[in-house]
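Enquirer: Single-letter residue listing:
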Amino acid sequence: MDSSITSDQSAQPVLAIANNPHGHENHGSEEHDHAGNSMFGFIVFLLSESVIFLSFFAGYAMIKLTTPDWLPPGVEGLDVNAPTINTIVLVSSSFVIYFAERALKQNKLIQFRLLWLLTMGMGTYFLVGQAIEWSELQFGLTSGVYGGLFYLLTGFHGLHVLIGILLQGVMLGRSLIPNNYAGGHVGVDETSLFWHFVDVIWIVLFCLIYLWQ
Amino acid sequence: MTNAPIETLSTAVEALKPELPPGWRRYFSFSTDHKVIGIQYLVTSFVFFLIGGLLSMVMRAELITPESDLLDRSLYNSMFTMHGTIMIFLWIFPSLVGLANYLVPLMIGARDMAFPRLNAAAFWMVPVFGILLMSSYFLPGGTAQAGWWSYPPVSTQNPTGNLITGEVVWILAVAISGVSSIMGAVNFVTTIVRMRAPGMTYFRMPAYVWAVLSAQLIQLAALPALTAGAVMLLFDAVAGTAFFDPERGGNPVLFQHFFWFYSHPAVYVMALPAFGIFSEILPVYARKPLFGYKVVAVSSLLISLVSVLVWVHHMYASGTPGWMRMLFMFSTMLVAVPTGVKVFAWTATVWRGKLRLDTPMLFCLGAIMMFVFAGITGVMLASVPVDIHVNNTYFVVGHFHYIVYGTITMAMFGALYHWFPKITGRMYYEGLGKLHFILAFVGTNLCFLPMHLAGLHGMVRRVSSYDPEFAFSNVLASLGGFLLGMSTLPFILNMVGAWVQGKQAPDNPWRAIGLEWLVSSPPPVENFEELPVVVSGPYGYGKSEPLVSNEAALKPH
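Protein chains in written order, with this note's numbering: chain A, 37 to 249; chain B, 21 to 577.
Among the hints, erroneous ones may be present.
[Claimed, not checked] Beta-carbon label-pair distances, calculated as ranges:
no., chain 1, residue 1, chain 2, residue 2, range
1, B, 144, A, 69, 47 to 55 Å
2, B, 529, A, 134, 36 to 44 Å
3, B, 78, A, 174, 51 to 59 Å
4, A, 174, B, 321, 13 to 21 Å
5, B, 92, A, 232, 32 to 40 Å
6, A, 172, B, 92, 28 to 36 Å
7, B, 575, A, 150, 49 to 57 Å
8, A, 232, B, 321, 53 to 61 Å
9, B, 260, A, 69, 43 to 51 Å
10, B, 91, A, 168, 30 to 38 Å
11, A, 177, B, 78, 52 to 60 Å
12, B, 575, A, 215, 22 to 30 Å
13, A, 94, B, 89, 40 to 48 Å
14, B, 182, A, 171, 24 to 32 Å
The hints are simulated quantities; they were obtained by calculation from the structure and are not laboratory data.
Think of the CB as a built atom: it goes at the ideal place given N, C-alpha and C, for glycine as much as any other residue.
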């Protein structure tokens, strides 16, 4: 069983006994890499979640290539400029969260919190930008199959961005509890991975919806 | 921790051991013990099996005469929709997951699943979405009526204009089922990959664990496609979008792709654990190792892989282009190969074995026989020219009922009898078990065999009236169906009676080889006193190698 994906977790059997949710305190000699299991499970979950988006992408492509009525009447295409800036902000936030994680590993909690907060801010900027774009569009959810697909895909993605920001908020809050991350921070690692996932999904979405018009 | 004396340390630790509520209350609690959760899944799913079965009894009562003289036709539509949905999502999936929940940690030498609380949460979603689905009976328009496939445009029709229709409730129930399944799949895959006992390499895992791993990998890879399709269907039904509306640029066949991309692999999610059960039970009652264990193990993964490449065989009559039909005919026939490998392995396992025809063995042998028949009709259906003739007829209905009842449900019964002593600590009544088997075997064949004839002659499915030329087949099928319904009674009597007052069961009543048989019946909380150290492969019948090096340490002294 490889442990290359575990976060650094100091081997403290006493703490392990105290914090062990499984109740088998009298088997303290057994190794239980709960953090490793948690990260493994989370990666498995993300792989599965990506299939939802892959299905939506496949549906989008199939309909775009075969339908006789693609763009709603009066709509010629999407403005690419503002979404491009949003994309740059979101992709950059992935780098910011990476540096935040690095700071946490080096136990630089202040730096971690600042960079983490910056990530949340950039994510919020993206969402606000998306909301503004939505409000300025000339078509709605029910404007033919194009409207449905556009709002479904960007909306589903936006929901995941929101969830990412909320998760980051929880992790930020937890970092305020003294010594909370001293024994390991798999939650932070998972939240960070989720953010990268959301980012990659957006890159594909951006190419599909905005670049392939 | 400073210099605390050992004695006080252990008593303090003993006090922290998880206490389960005593008796029956345990099974109504939010327990995180995989054995409790497994039983909760099994009992809950069996209740829904009875409900789904009741629906089928009414349907067979309607179909015993050619005219639609028992039910209003819309009510009949609701019945076959709910029968299929309940049987698949509330009987087969939860019962198989429940059995796996109980057995997998024991079989790999773990104390519990990787995520016990997630496990409990996944279970409790089942009664929730079950009750949600049943509540649709009380809506003004009744339940969903578009079949368990819920194809648009039929499923998106909403003549009453209500927002909450039976169809919407159906979609929500199936969505919750999907969330529960994904949670379970993450749990099983993590547990099997990361929590095997020392010495238990992948090729020392029981074949059942391979089967569960393969099935849960399918769930992870394919279920999200159904989620995507269901979300789009829900939007079409309530938000006025046009994903599947051809008049506004949408494509109804796209839904079929989303639906079957999951639902075909889903049948292997259902079948693989049944195959795993055969692989576990046959060696015990033939006292021979599983023939070709490694090949059987790998064939489970191969089936998973190929199963995601065959879905269009459900759409041969949906206007799919010729090249697509050819491609999927080829891939569908291919999946028979790893499946056939298993059948040969099971046959070779019992060949010249010292057979004990106890109830579990009878169910497994009968199920394998019926599976071979279903496999043959399956290959027939894989062929495009044959399917164009029998698509949407009772031939298909006969085929898949030989699978879901004849193979999977019979395997489930076999498993329940086989592991009953381990789970409850009591022996079931063998006589009642054999009675159950005979009634079920005869009933299954009597009910579902004539359907093939009717389908070949052109009787379509999902109808409550039919041409009198099919009357004979339908009378036989209905009689068989009623017999099947009655066969459940000795089973219920056996399970309840034996659980309450059956003879105490020893740790290993079948003298089987496996980690679960090395602990008490029922196993204690956390399964093993000390984790087993595995030193040999499974099914060591006739060999004198021990399975573990610390057998005496597994149980409290």
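Enquirer: Hint says 43 to 51 Å; check whether the CB-CB distance for residue 260 (chain B) and residue 69 (chain A) agrees.
Expert: holds (50 Å)
Enquirer: Looking only at beta-carbon atoms, does the pair residue 94 (chain A), residue 89 (chain B) fall within the given range of 40 to 48 Å?
Expert: holds (46 Å)
Enquirer: Taking 24 to 32 Å as the stated bounds, is the beta-carbon spacing between residue 182 (chain B) and residue 171 (chain A) within them?
Expert: holds (30 Å)
Enquirer: Look at the Cβ atoms of residue 575 (chain B) and residue 150 (chain A) and judge whether their distance stays inside 49 to 57 Å.
Expert: Given about 55 Å between the Cβ atoms, the range holds.
Enquirer: State, for the Cβ atoms of residue 529 (chain B) and residue 134 (chain A), whether the hinted interval 36 to 44 Å holds or is violated.
Expert: violated (57 Å)
Enquirer: Per the hint of 32 to 40 Å, is the separation of the Cβ atoms of residue 92 (chain B) and residue 232 (chain A) within bounds?
Expert: violated (55 Å)
Enquirer: Cβ-Cβ distance between residue 174 (chain A) and residue 321 (chain B): within 13 to 21 Å?
Expert: violated (50 Å)
Enquirer: Has the hinted range 22 to 30 Å been met by the Cβ atoms of residue 575 (chain B) and residue 215 (chain A)?
Expert: Distance hint for residue 575 (chain B), residue 215 (chain A) is violated at roughly 40 Å.
Enquirer: Look at the Cβ atoms of residue 91 (chain B) and residue 168 (chain A) and judge whether their distance stays inside 30 to 38 Å.
Expert: violated (55 Å)
Enquirer: Is it true that residue 144 (chain B) and residue 69 (chain A) lie within 47 to 55 Å of each other by Cβ?
Expert: Hint violated: Cβ distance 27 Å, outside 47 to 55 Å.
Enquirer: Range first: 53 to 61 Å. Now tell me if the beta carbons of residue 232 (chain A) and residue 321 (chain B) are that far apart.
Expert: Violated - the Cβ-Cβ distance for residue 232 (chain A) and residue 321 (chain B), about 29 Å, lies outside 53 to 61 Å.
Enquirer: Hint says 52 to 60 Å; check whether the CB-CB distance for residue 177 (chain A) and residue 78 (chain B) agrees.
Expert: Because 40 Å falls outside the window, the suggested range is violated.
This entry does not satisfy hints 1, 2, 4, 5, 6, 8, 10, 11, 12, going by the numbered hints stated previously.
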